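S.K.: The primary structure of each chain is shown beneath.
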Amino acid sequence: MKLLTCPVNGARPVSEFTYWGEIRPAPDANACTDHEWADYVFNRNGAPGVKREWWCHTPSNTWFIAERDTEKDRVMRTWLPGSEA
Amino acid sequence: MFTAPTELKSAYDVVIIGAGGHGLAAAYYLAREHGITNVAVLEKGYIGGGNTGRNTTIIRSNYLTPEGVKFYDASVHLWQDLSEDFDLNLFYSTRGHFTLAHTDSAVRTMRWRAEVNKHYGVESELVGPDFIKRSCPSIDISCNGHAPILGALYHAPGSIARHDAVAWGYGRGACQRGVEIHQQTAVTGIEVKGGKVVGVQTSRGHIATNKVLCAVAGSTPRLTDMVGIQTPIYIHPLQAMVSEPMKPWLDHIFVSGSLHIYISQSARGELVMGASLDPYELHSTRSTLDFTEGLSAHMLDMFPFLSNVKVNRQWGGMSDMTPDFAPIMGKTPVEGFYLDSGWGTWGFKATPVCGKTMAWTVANDSPHELITGFSLDRFRNYSLTGEKGAASVGH
Ligand SMILES: Cc1cc2nc3c(=O)[nH]c(=O)nc-3n(C[C@H](O)[C@H](O)[C@H](O)COP(=O)(O)OP(=O)(O)OC[C@H]3O[C@@H](n4cnc5c(N)ncnc54)[C@H](O)[C@@H]3O)c2cc1C
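Protein sequences appear in the order of chains A and V. Under my numbering, the first residue of the first sequence carries the number 1, and numbering increases by one thereafter. Under my numbering, the first residue of the second sequence carries the number 1001, and numbering increases by one thereafter.
Derived from the structure by calculation, the hints contain no laboratory data. These figures come from a predicted structure and were not determined experimentally. Ideal Cβ positions, reconstructed from N, Cα and C, are used throughout, including at glycine. Watch out, some of these pointers could steer you wrong.
[Unchecked claim] Okay, derived cross-link-like pairs now, BS3-like style, lysine-lysine, Cα gap no bigger than 30 Å in a straight line:
#1 A:Lys-2 <-> V:Lys-1310
#2 V:Lys-1388 <-> A:Lys-51
#3 V:Lys-1196 <-> V:Lys-1247
#4 V:Lys-1331 <-> V:Lys-1388
[Stated by the list, open to error] Here are some, though not all, of the chain V residues that point toward chain A, as calculated from beta-carbon distances under 8 Å:
#5 Thr-1231
#6 Glu-1281
#7 Thr-1285
All chains should be built: construct the whole structure from the sequences, respecting the hints.
M.R.: Following this line, the structure appears as structure tokens:
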């Protein structure tokens, strides 16, 4: 069973978590062009690499950030948003 | 079966990346229908070693959008005489395909799909639990009381085929017409000058070419990065497994979106089973115990008598997913770079029609009329081709 460390609840089975994708800065919806917005809405960095991702520990609704290698499925670290840059 | 060319030439008219079914089919039709034979298919591993050799081989055309239904129907028609075309037995077997509905809203979607399908001449109808039980007496219609089956979309032409043979058939046919297939040859870079493709870099040297067709399924984002194109494609693994061989008892193909399972019985007697996509991004073909456990539990809801049957093998493939569950095919912002991608969990059935339409597109440098709904541009223009209702359980 694969474990993931929730910054609040500690190591838990990965089935207790929901993956919400890579953290991506949103453009200013009022200032950007339609194409810039489409790029933000649809396009993804689909190549493998070390990514910072949103995850949620579902039973406790704890949202946090994980740094993960998406080729090796290795989680380097997890933290609560705001607790570390 | 294949002549293995030893040397790479310094230039080709067309380079196809990926010797899966899609790449080989495109090579075959380029040679057969367009007389373009100075073609190299480059494969980093071996023929059919990607998703082509990992899929559960379900072939059907009962999709939801008009674009999808027309496209997949053209594919089913091509499948039906492919064995003869190749002079190779593909074990193409028409079984009838049930998509089970366990909720009222699922019944409604099935009715919608049946109407779209019939409108385009595809055999497809809504059937009730009695019909299902008669077709497959060993099914537990109540699914252990958890999720009683209320009806199903029944698609008589639904079929399975031997996946490896499809790659071999297209590969051999292409070879016989002069195409070179280079295995153990990875593309490591694509050269673009002034917005046009001029060559590819490989693990065995440089090749000059003005046309590159990229048909690499789960590796697509790595290749689009090489030419600097943005796409919505994201990669999740899809897993599958087979049981030990049994006497034939399952004639049809069964799919349940609510239980996240699908099953058919192969010509060898093995039960071929799959579930939904793994829940997070991963560029790996690893498989997990979670998958086997989850899938087996749901399988037993439907077929409780399988409880003593053993699982023989499990594996995974990397699925190139799109937000609207339709593929991304055709021309791209880079001249001479063509994509056949976004085939996710459902692209095996499309192998023949993809080969045919991509060959046409590459030969004419213009999208074939059957694929205009699948262009990369649709994500720039907010005009998606919403196929999720018919494609969301992987097969
Ligand atoms: C478990 C599973 C079950 C599925 N079930 C079904 C089903 O029932 N029905 C259905 O219709 N579809 C199904 N699919 C989807 C289907 O398998 C794929 O959409 C289809 O096979 C894709 O074929 P392809 O030729 O495009 O890709 P592939 O067969 O993956 O071929 C791509 C090739 O490109 C090569 N490649 C990658 N990068 C490079 C590089 N840099 N240089 C050179 N070569 C490279 C790879 O080695 C690979 O051989 C399933 C998929 C999976 C994983």
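S.K.: Please go over all the hints and tell whether each is borne out by the structure.
M.R.: Outcome of the hint check:
no.: 1; hint: A:Lys-2 <-> V:Lys-1310; verdict: 24 Å, holds
no.: 2; hint: V:Lys-1388 <-> A:Lys-51; verdict: 27 Å, holds
no.: 3; hint: V:Lys-1196 <-> V:Lys-1247; verdict: 56 Å, violated
no.: 4; hint: V:Lys-1331 <-> V:Lys-1388; verdict: 23 Å, holds
no.: 5; hint: Thr-1231; verdict: 6 Å, holds
no.: 6; hint: Glu-1281; verdict: 5 Å, holds
no.: 7; hint: Thr-1285; verdict: 11 Å, violated
Taken one by one, the earlier hints fail for this structure at numbers 3, 7, listed in ascending order.
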